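Q: The primary structure of each chain is shown beneath.
There are 2 protein chains.
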Amino acid sequence: MQANYSALTPLRFLERSAAVFPDRTAIEHGSRSYTYAEFAAEAQRLAKALRARIAPGDRVAFLAPNVPELLIAHFAVPLAGGVLVALNTRLAAHEVKYILEHSEAALLFADAELLATVDGVAELGGPAAEVPVVVIRDAEAGAATGAAAATAPAATAPATGAPGDAAGVVRELYADLLTGAPEGPDLPWSVDDEKSPITLNYTSGTTGKPKGVLYSHRGAYLNALGEAHHQGFDGATRYLWTLPMFHCNGWCTPWAVTAAAGTHVCLRAVRPGPVWAALDDGVTHLCGAPTVCSIIADADEAHVLVSPLRITTAGAPPSPTIIRRLSDLGVQVVHVYGLTEVYGPYTICEYQTAWDGLPADERAAKLSRQGVGMVQAETARVVEVGAVDGLKDVPADGETLGEIVLRGNNVMLGYYKDPEATERAFAGGWFHTGDLGVMHPDGYIQLKDRAKDIVISGGENISTIEVEQAIVSHPEVLDVAVIGMPDARWGERPVAFVVRASASQLTAETLSGHVRGLLAGFKVPREIHFTDELPKTSTGKTLKHELRALAAAEGAR
Amino acid sequence: MQANYSALTPLRFLERSAAVFPDRTAIEHGSRSYTYAEFAAEAQRLAKALRARIAPGDRVAFLAPNVPELLIAHFAVPLAGGVLVALNTRLAAHEVKYILEHSEAALLFADAELLATVDGVAELGGPAAEVPVVVIRDAEAGAATGAAAATAPAATAPATGAPGDAAGVVRELYADLLTGAPEGPDLPWSVDDEKSPITLNYTSGTTGKPKGVLYSHRGAYLNALGEAHHQGFDGATRYLWTLPMFHCNGWCTPWAVTAAAGTHVCLRAVRPGPVWAALDDGVTHLCGAPTVCSIIADADEAHVLVSPLRITTAGAPPSPTIIRRLSDLGVQVVHVYGLTEVYGPYTICEYQTAWDGLPADERAAKLSRQGVGMVQAETARVVEVGAVDGLKDVPADGETLGEIVLRGNNVMLGYYKDPEATERAFAGGWFHTGDLGVMHPDGYIQLKDRAKDIVISGGENISTIEVEQAIVSHPEVLDVAVIGMPDARWGERPVAFVVRASASQLTAETLSGHVRGLLAGFKVPREIHFTDELPKTSTGKTLKHELRALAAAEGAR
Chain A
1 MQANYSALTP LRFLERSAAV FPDRTAIEHG SRSYTYAEFA AEAQRLAKAL
51 RARIAPGDRV AFLAPNVPEL LIAHFAVPLA GGVLVALNTR LAAHEVKYIL
101 EHSEAALLFA DAELLATVDG VAELGGPAAE VPVVVIRDAE AGAATGAAAA
151 TAPAATAPAT GAPGDAAGVV RELYADLLTG APEGPDLPWS VDDEKSPITL
201 NYTSGTTGKP KGVLYSHRGA YLNALGEAHH QGFDGATRYL WTLPMFHCNG
251 WCTPWAVTAA AGTHVCLRAV RPGPVWAALD DGVTHLCGAP TVCSIIADAD
301 EAHVLVSPLR ITTAGAPPSP TIIRRLSDLG VQVVHVYGLT EVYGPYTICE
351 YQTAWDGLPA DERAAKLSRQ GVGMVQAETA RVVEVGAVDG LKDVPADGET
401 LGEIVLRGNN VMLGYYKDPE ATERAFAGGW FHTGDLGVMH PDGYIQLKDR
451 AKDIVISGGE NISTIEVEQA IVSHPEVLDV AVIGMPDARW GERPVAFVVR
501 ASASQLTAET LSGHVRGLLA GFKVPREIHF TDELPKTSTG KTLKHELRAL
551 AAAEGAR
Chain B
1 MQANYSALTP LRFLERSAAV FPDRTAIEHG SRSYTYAEFA AEAQRLAKAL
51 RARIAPGDRV AFLAPNVPEL LIAHFAVPLA GGVLVALNTR LAAHEVKYIL
101 EHSEAALLFA DAELLATVDG VAELGGPAAE VPVVVIRDAE AGAATGAAAA
151 TAPAATAPAT GAPGDAAGVV RELYADLLTG APEGPDLPWS VDDEKSPITL
201 NYTSGTTGKP KGVLYSHRGA YLNALGEAHH QGFDGATRYL WTLPMFHCNG
251 WCTPWAVTAA AGTHVCLRAV RPGPVWAALD DGVTHLCGAP TVCSIIADAD
301 EAHVLVSPLR ITTAGAPPSP TIIRRLSDLG VQVVHVYGLT EVYGPYTICE
351 YQTAWDGLPA DERAAKLSRQ GVGMVQAETA RVVEVGAVDG LKDVPADGET
401 LGEIVLRGNN VMLGYYKDPE ATERAFAGGW FHTGDLGVMH PDGYIQLKDR
451 AKDIVISGGE NISTIEVEQA IVSHPEVLDV AVIGMPDARW GERPVAFVVR
501 ASASQLTAET LSGHVRGLLA GFKVPREIHF TDELPKTSTG KTLKHELRAL
551 AAAEGAR
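From first to last, the protein sequence lines are chains A and B. Going by UniProt numbering, the first residue of the first sequence is number 1, and it counts up by one from there. Going by UniProt numbering, the first residue of the second sequence is number 1, and it counts up by one from there.
One or more hints might be untrue.
Since the list gives no way to pick out one identical chain from another, each pair is judged satisfied if it fits inside one copy or across any two copies.
With a straight-line cut-off of 20 Å between C-alpha atoms, the simulated EDC-like cross-links for lysine to aspartate or glutamate are [what the hints assert, rightly or not]: (1) K392 - D186; (2) K195 - D58; (3) K366 - D23; (4) K209 - E466; (5) K209 - D418; (6) K417 - E301; (7) K544 - E95; (8) K392 - E423; (9) K448 - D280.
The hints are simulated quantities; they were obtained by calculation from the structure and are not laboratory data. Being a predicted model, the structure only gives us computed values, none of them experimental.
So here's chain A without its partners, still in its complex pose (with noise of 0.2 Å):
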């Protein structure tokens, strides 16, 4: 052993925790609690079975909403020697399959009310179906999805959750798994090399396959730095998990609250109830799309906070009006910006105390943008599209458009399995992106569209995100997606989903109106579909391609 040097691990993390602050509360759920001392142990006796059960660099998947065993799983996984591979849990069996068998996982952790979704990977066949199911059950799943839950499908899964009793693949339960773990002297809260693999994140693409982005230690342990010094985590933190754990590991957020010894407070879902619950029981901090701003501030339950709230969002920029809303309510709203392929968030809109004296709107233009490296990441770039070898930067004007470019220690270890795709991505010693954007002179960057995005319509491009700001500053929309659609006339033209506040009576005519009074007349789109809610993924992003589909039913009606 060297004396002066050690492995970046997150693992660290719960060591120190568990030593320093054994009786602290670690982590709340429902009915269920941990101490730090119970969280490592856990994370111990889960790490002993697995080791049983797994050879080191193993994949072990996870399917589960925002439980414990998921939170533990972040540590006990890499500390037998795995590699977490967390599942988003809204996939289709077949997505289910596909990353199984690609990651080659050795183990299936699911939870029961997810196991429809493993019997339809059983009945799929494959390799997938022969891997083991591991049966999380949860006392709080029923309370969590309430009564309506109580009818549908899923929730009768704990009752095929017995051992061994589907397709014929071998089931066993969570709690029997660590009845039998091994016993033996604690595994080491360390790893040889920093560099290797701890988790594998699969993208959700919007079109083609999922790509599995492979995160390493050193990674985890400067990202959870970052966030925790970022969001200021510290040993009063109580952090509310509306942010799904399944997405980039939910920001090195497991590792980060830990660090500094905070509590994590678990949900299944994101509802307006109980996350107002938790709110009220003194939560300090929770991260996640723009939806959980808007079902926070949306919620009956919504009224003004006695100790403040942070918020950390990502996916889009928070409107203006949300912004305002929640800040009515006592809740700070940080923007960051980031992908998978970087540890979940990599650049902040950095707050500059020059922006307390300027307009409502120029102040909300300001928040809008995505912002600048954090204090872990590197300086973000925007360079022009398709130049790989040098990059060139693009003028610091705000309107330039260009390629938003990323470096460094937040930058994965590569796509799993596709070193093509990765010396793609890694182009000219930068990672690719794919999203367009502009670099302020400020030296913040903004995200303009996804490249795919862009609506070129009579040779302009109008940029999407720019044309559902000015909808959605109305004040009884709340959700706008904008789509390009064909258009024999102008090649394309932007189409509108809008979302309406509940007994709103907002016609499309006004609604017009007033995007006129914001936009040149060639982005004012002549279509606007009003619609209950938007296709989203579980990361909040819309799903475009869905809304495409409808425009073109709508269109052929």
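Please arrange chain B on chain A, whose structure you already have, making use of the hints.
A: The following block gives chain B in isolation, referenced to the frame of chain A:
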């Protein structure tokens, strides 16, 4: 360039803060102040000037109080590829000579008030006398030291600070060096190898000769993030520079406060008036030896603070009286422990809410312990003394004495040009502090004694052996022992027991004068006891605990 790796370096922190908060005040120093943009620009200017003078890896020495130039040098010297050697301003000329020669410094920057020391080095001759000197003239010099200093020899130094005037050594003014800096593009805020050296700090060793402790970019980066986390630095931080930057690079705080984009408030000397003026101007954090705590608590200006202040203190546990007095003023005191070899603090006495209910004395006893490894450190151990092969922990009973050993990214690269001492210090894969302590059942360590016989007085390490050697160099002294005794103001003070030659009439005053000619003033014992013989073991080792009892009895009389 690799897309997914950056060598860790604290240089990144200044690059980022200057890019994100260019107009925020980074440094205040009397009537001078620097924004973050100016801070970075000054670092670039100085680095470019240095690049024209030094080769990569060259050592650049600074002899200066906490002035902006030294803070800037913490970035500029490594930016230029050099290694910063920040010298203790209280060192005697022959000590500075030794360090300049051992480090083979290419340049010496000296504050004009410290030119008497530099003149002393010139007079001693040898290679140190040939090191080119750059003179820093600080307009705050007079203001800080007050009227008394105006008549002191050092105050005449600015006059001797004119280029090339003393002892034939090349001297130039800092301002001229900067003016002459070559133009050209900015140097990159990055390094190729994160394990390359960034600074070299000399300790007062036990053998008399100071040892050079090498820090790495990686260690400085991680420790800075750890300091920022534990002290809670953020953009609103106003950090008062009471801790000398020449002590373990101010515990990595030049980099930590910069990472958080807080404001550095510089200070030439720790005096009650200026300190309290700064506190009233909204200082949020400061660090220092218990002396600093005493100065603040005992000042005539002391009053209840409007905004909270956190003091992080080390060197000796703060006394319960001081903690209570500071608490009454609205000051939170946090106790940390470390050594030069571990970048300053390694453990922190983390507060436990369970202590709230303890009686005051029991609580004070808890708070006086050295605590647990910080978030970026490893777990501290207390091991059986002397058991190098296979370190064996002493029982965690709060009673069994052992040696405190530490490891990980907090530990120095090694002793400069002293592989044997490095190997000895790193025996068994752990850094041996030489400090004796106990492990409490709750995992907190407590220092019981300095095995190395170091006296820590006013935050300065005094090697008792060095003082003993100075005393025994007097022809009428036969034997001597120096011990540290608790001191309300200085933490500890050196006390000497001296055996005179028979018939010698040597007085304490004469002996003091002799020692003062050899050592820095703070090392000279104010208390000298003459005795007929020293208590010793059969092997001739002085029984210092018996002397301590004797000194305590003398003091009680």
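Q: Does each hint hold? Answer for all of them.
A: Here is what the structure says about each hint:
1. Taking CA atoms no more than 20 Å apart as the test, K392 paired with D186 passes between copies only; the shortest distance there is 18 Å, against 51 Å inside one copy.
2. Taking the shortest Cα distances, K195 and D58 sit within 20 Å of each other inside one copy (16 Å), while across copies they are farther apart (31 Å).
3. In this homomeric assembly, K366 and D23 come within 20 Å of each other (Cα to Cα) only across copies, at 17 Å, whereas the closest approach inside a single copy is 43 Å.
4. For a Cα distance limit of 20 Å, the shortest separation of K209 from E466 inside one copy, 8 Å, qualifies, whereas the shortest one across copies, 68 Å, does not.
5. In the homo-oligomer, the alpha carbons of K209 and D418 lie at most 20 Å apart inside one protomer (12 Å), although the nearest pairing across protomers, at 57 Å, exceeds that limit.
6. In this homomeric assembly, K417 and E301 never come within 20 Å of each other (Cα to Cα): the closest approach is 47 Å inside a single copy and 67 Å across copies.
7. In this assembly of identical chains, K544 and E95 lie within 20 Å of each other by CA distance solely inside one copy; the values are 19 Å within and 72 Å between copies.
8. In this homomeric assembly, K392 and E423 come within 20 Å of each other (Cα to Cα) only inside a single copy, at 19 Å, whereas the closest approach across copies is 49 Å.
9. In this homomeric assembly, K448 and D280 never come within 20 Å of each other (Cα to Cα): the closest approach is 37 Å inside a single copy and 46 Å across copies.
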